[in-house]
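Engineer: Starting from the known structure of chain A, arrange chain B on it as the hints suggest.
Keeping their order, the protein sequence lines are chains A and B. Everything in the first sequence is counted per full-length UniProt numbering, starting at 1 for the first residue and increasing by one. Everything in the second sequence is counted per full-length UniProt numbering, starting at 1 for the first residue and increasing by one.
If you're looking for bench data, these hints aren't it; they were derived computationally from the structure. A hint or two may mislead.
Claimed, not checked - Pairs of lysine-lysine, DSS-like flavour, derived with a Cα cap of 25 Å:
1. LYS274/B / LYS72/A
2. LYS93/A / LYS127/A
3. LYS6/B / LYS121/A
4. LYS6/B / LYS87/A
Nothing here was measured: the structure is a model prediction, and the numbers come from that model.
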Amino acid sequence: MIEVKDIRKRYRRRDVLNGVSFTAAKGEITCLIGVNGAGKSTILKAIMGLTPISGGSIHIDEQSLRPQLYEKIAFVPDHLTMPSGMKLSEAIKFMADFYDSWNNARARELMQFFRLNYSDKIGSLSKGTAAKFNLLLGLGQDSDYLLMDEPFSGIDLFSREAIANVFTSDLIEGRGVLLTTHEIGELEHLIDKAVLLQDGKVSRAFNCEEMRYEEGKSVIDVMREVYRA
Amino acid sequence: MNRYLKLFHMEVHRFRWMLAILMGITAACQISALIWTLTKELYRRREPVPQDIGNTFQVSAPEQLTFEWAMANNQLLFILPILICISVLALYIFFIWYRDWIGRHTFIYRLLVLPTARRNLYLAKISAFLLFVFGFVSFQLVLMPILNVIFKLIVPADQRADSHIVDAISRNLALVELIPRQFEQFLYYYGMGTIAVLAIFTAILLERSYRRLGILYGVLYLSGCVLAVMSPSLLFDSRHPYLYPNELYAAELIMFVFVLCISVWLGIRLLAKKITV
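For reference, chain B alone in the conformation it holds in the complex:
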C-alpha cells in the first residue's frame, strides 16, 4: 500500500506541469471570453449603435444581464479549452505507459524491478489518470463561482439579475456534457469512460507483451469489449423486444462490469507475467 501511494504520487508529479498548463489555458480562455462578451455588451448599451447592427444582438441580450446569458453567449471559447484538455488526456492514456519505454533511459526497467507487486504500478497509473480527469472537472466547477464573481464585478448592479450557477452550466453546450445535472448520468458517463480507459490500458499491455502480434491482439480485444457492451442492445433491439427496458439496462450494466473485471484482471496479469522490455 505504501509503495502504491509512492507510485501514485510519482505519476501525479510527472504530469503536474501539464495539468497546471491545461488548467491555466482553461481559466485564461474562459475568463477572457467572459470579460470580452460582457464589455462588448456593456459598450453596446452605452454607445448608440446603428439600428440594423444592434437589432440582431438585442434579441439575445435581456434587459438585465444574467450569468446564465453570459454562459450561453460564450459557447466556442468555453468548448475550445475543454476539447484541448480532453484531447491531451486522451493522448495521455497511451503516453502514461509508453513514456516509460521510449527514450534513451527506459524507466520501465526500474519500475518493473521495484520490490512491490506490479499491480501497484497498474493501479497507480489508472488512479493517477482518474485523478487528472476528476481534477480537471473539479477545477471547472471551482472556476464557475470565480467566473460569477468576475461577472458581478464587470456588470453594474442595476444592469444585472441573479442566476444560479447550475442554470448557467446547463446553458453551455460543453459544460452540460462535462458536468451532467443528474448524478446517475454523471456516474454513467464517467463510469463508461473509466471502463474505456481500462480496456485501452489492457490493449496497450497486450501490445507491450506480444509486440507486433500484440497490436492485433489489442485491436481484437478492444473490438471484443465494444461488442460485449453493445451485445444486449444488438440482440434485443426495439424490433425484438424480449426484455423490458429495465432488464435491458441491467444486462448492459452487467456487460460493463464484465468488461471492467476482465480488463483489470488481464492488465494486471500481463504486467506480472508477460510484459517484456
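Only chain A is shown next, with the shape it has when bound in the complex:
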C-alpha cells in the first residue's frame, strides 16, 4: 500500500501541499482529482522522490522510499521522458538494462497492441503515440504500483480509447494504480477510489462504488459539490 501521511510542500511562498494524507491500495485504481494547480502532480513527484517535501511521510509497503523500491513502483509522467534522439528500440533496451523488473515479452506485446515501430525516434512521435509509448514504459515493468500523471491529457480520441482499454485489461490487474486527472470523463467507471484535492488539501476521499450505492452520487456529482461550494 502507498501511504501518504500529512505531506507538506511550500513553493515560492505558497503552500502547494498542506497536510495531504491518503492511501492507495494494491489491486485498486485510485484517482487524484483536482483543478489545475491543486498539487496532484506534485504528490506523484513527491512519492517518486522527484521533489523534496517539507514535512510528512510517504511509505510504500511500510518502507520509506529508497532506490531499490523503483523496481516495485513505475511512474508514467505527463510527458515522455526519454531523449528525443533515441529510437523506441533503444529506449526499450535502456529500460531492460536498468530494471530487473522489466518484462521484455510484455513490452513486445504492447508494441504490437499500440502499433508502435521500433525504428521510430522519440522526437518524431506525435503526442498520442508518445503517450502510448510512455504508458508502455510504465507497464513494461513487473511493478506492484503504477503512478500515472494525467494519462489522457491533450491526446486524440483514438489514443485515449487505446489507453482506456489498458485499464480494463489484465495489464493492470493486481497492481495498485494511482493516477491524476482534472477531467474525470471516461475514467469514472474505471476507478475504485477518488481523492479530491483543493488548495493543497484533501477535501474528500471516498470509495466510488460505496458512494454510488449509499448516496446515489457519481464522482462528478461529488466534484460539483466540492468545487462549486
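Structural biologist: Below, chain B without anything else, positioned relative to chain A:
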C-alpha cells in the same frame, strides 16, 4: 557498480560524436598546418627567393629541418583546435547536466527514478567528463608520433635531422601547457581542473535544487571555493612569511582536498535529497 558502469557508458555514448568531431578537427588542423609549413619551406629551398623576402624566414629555418622546428613554427594552427576543444569541454560541464532538463522529453525524470543510488549518476557524469578530457590529451599524444611520421614522409632524409617528440612538445606553446613535462605539474594542473569541475557541478546542482535562489547559492559556493583555495596564499603572503614554502604548499593542498571533499559530498547529497524536477 554494474549500474554505475551502464550510466557511465551511456554518458560516453551520448558525447561520442562530439568527441570524434573535436578529435577530427584537431587532427585535420594540425596535420594540414604541418604539411603546409613543410611544403612551403621545401619550396623556398628549391626555388630561388628574392633576398629580402627569404632572409626573414632563413633566420628561423635551420640547415637541416627538425620536427621540433616544425612544431615551433606552427603555433596558431596548433593552439586553435586545442582552444576549440577546451571551450567545448568547458561548455559541456554545464550541458552534461542541463541537457537532461531541457527539451520536450526531460530525461532527468527517468534518470532519477532508476533503481540505483543517485550518486552513481553523479559519479558517471564526472568520470565520463574526465574520460573526455584525458581522452583528448591522449589523442594529442597519439597524434604526435603520427605528425612525426608525416614530417619524415615530406622532408627528404638529407634535409632533416632527428629530434625528440618531448622537445617538439616543449617548443609549442599550446602543447607544453596541455602536456606538462613534469608529472607533478601534470597532477597539479589536472587535479586543480578536476576540483574546479566538481565545484561547478555542485553549483549547478544548487541551482537545480533551489532554482532562482540556487543561482545565488551557486555563485556564493564557487566564490567560497576560490577563497578557500587562495586563503593560505592570502593570509601568509611574502610580506608576512610565517610559513615555509613547503608548509604553504601543504596548506594549499589541504584546502584543495577540502574543497574536493565538500563538493563531492554536497553534490551527491543535493542529488539524493534536494533535487527537484
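Engineer: Hint by hint, note whether the structure agrees.
Structural biologist: Here's how the hints hold up against the structure:
1. LYS274/B / LYS72/A: 23 Å, holds
2. LYS93/A / LYS127/A: 22 Å, holds
3. LYS6/B / LYS121/A: The hint holds at about 21 Å.
4. LYS6/B / LYS87/A: 18 Å, holds
Comparing the model with each numbered hint stated earlier shows that all of them hold.
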